[in-house]
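**Student:** Respectively, the protein sequence lines represent chains A and B.
Heads up, the first sequence is in the numbering used here, so the first residue is 1 and it goes up one at a time.
Heads up, the second sequence is in the numbering used here, so the first residue is 1 and it goes up one at a time.
Be a bit skeptical, because a hint or two may be false.
[To be verified] With a straight-line Cα cutoff of 35 Å, these simulated DSBU-like cross-link-like pairs (lysine-lysine) come out:
id, chain 1, residue 1, chain 2, residue 2
1, B, LYS85, A, LYS37
2, B, LYS85, B, LYS17
3, B, LYS62, A, LYS10
4, B, LYS85, A, LYS10
5, B, LYS62, A, LYS59
6, B, LYS62, A, LYS37
7, B, LYS62, B, LYS2
8, B, LYS114, A, LYS94
9, B, LYS17, B, LYS2
10, A, LYS182, A, LYS38
11, A, LYS59, B, LYS17
12, A, LYS59, B, LYS2
13, A, LYS32, B, LYS62
14, A, LYS94, B, LYS62
15, A, LYS183, B, LYS114
16, B, LYS17, A, LYS94
17, B, LYS114, A, LYS182
18, B, LYS2, B, LYS52
19, B, LYS53, B, LYS17
20, A, LYS185, A, LYS32
21, A, LYS94, B, LYS54
22, A, LYS38, B, LYS62
23, B, LYS17, B, LYS62
24, A, LYS38, A, LYS94
25, B, LYS2, A, LYS94
26, A, LYS37, B, LYS2
27, B, LYS114, A, LYS37
28, A, LYS94, A, LYS183
29, B, LYS2, A, LYS32
30, B, LYS54, B, LYS17
31, A, LYS10, B, LYS17
32, A, LYS59, B, LYS85
33, B, LYS52, A, LYS94
34, B, LYS85, A, LYS38
35, A, LYS38, B, LYS114
36, B, LYS17, B, LYS52
37, B, LYS85, A, LYS32
In short, the hints are calculated from the structure, not lab data.
One letter stands for each residue in the lines below.
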Amino acid sequence: MEIINTIIGKNGLVFAFLCVGIIMLFSSWVSKYITNKKIPGVAIAIIIGLSLAFLGDEKGISNIPLFAGMALLGGPMLRDFAVVATAMSADLSKIRQAGLAGLVSLLIGVFISFTMGVVIGLSMGYTNIESLTTIGAGACTYIVGPVTGTAIGASSDVIAISVATGVVKTIFATIGTPLIAKKIKLDNPHAAIVFGGLIGTTSGVVAGLAATDEELVPYGALTSTFYTGIGCLLCPSLFYVILRFLNI
Amino acid sequence: MKIYGVALLAACFLMGKLLGRLLGHLINIDSDIGGVGFAMFLLMTSSIYLRKKKWLVLETEKGIWFWSSMYIPIIVAMTSTLNVKAALSGGFLAIILGISATAVCMLMVPLISKIGREKSIDSPKK
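Next up, chain A with everything else stripped away, as it sits in the complex (with noise of 0.2 Å):
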């Protein structure tokens, strides 16, 4: 058992690596099998990793030393670089594809979600200028929240509530597009490029199309796949200095 112990606290990361890929194999599987897939296996992932962290203190497991990797996996460092390259996948030149209403779609919906966010995060007790940025950020997606609340300083609680907040988003989004596509004209491809950029988050998109009318998922992808990039953008910069101006 010490040997195990010492491998493993002298080789931190590459046990998180183990520890992720299991969770996120399990949760793929119980996507596919348990909800048929009604539910996205990145939004299990997520619930399984919040649930996690409540085996330790302010450090979620990683308070635990067996599992000290996981704070060096999941930290700001990589995680900022992980999501800058995922900008790859947004290709800018498709962005004149989805038009004007695709780029009305994508601020209208960072900006609601945000404003939403702040206004909700008000009526519930949060004062504090860094909290409102980082729920507000959070309702636009579990990337940007935490993005957001580390570089303008937020506390880990407001991060991890921002996070649930995106994925109570992404399994809303998820079941909640079917229910409501006939009522809301989500029947072609334009309509599909709108509810990307105004929904945002990509699984959630993806799932809830999919669920829909398999044919629109390419379209709603295309704008959703900026939603992120524009939320990291706007939330700490241009919203957090307008919030700080109004000083609420």
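Here the structure of chain A is known, so what remains is to put chain B in place on it, guided by the hints.
**Tutor:** Below, chain B alone, put in the same frame as chain A:
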């Protein structure tokens, strides 16, 4: 070589962070103002430019694709290290906000769909 891609990513990342910090400094806020967003924009534009010049070969791109595909696992690792016990009181906020923000955005679809309807791509012929 894949490392060229990783190096390009690193350059964009650091430049973006630098821009974010400088912008923060400029407006007297001691934090990173949009650094990740700038970095993403830099990576997008530089990859388009390098592709045009035919300098960005597939092998180089693979170095970036690897990190791009690692972002969900990294986010999962991150969530397991958050202070969730302190955040439990905010669980209600997360549910209310997550649902209402999504619902409001969904209801905006018909309104914004009116923009540029004719010009946009039509349904692919089956």
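**Student:** Taking the earlier hints as the rules, which of them does this structure contradict?
**Tutor:** Going through the list in order, the structure violates no hint and respects every one.
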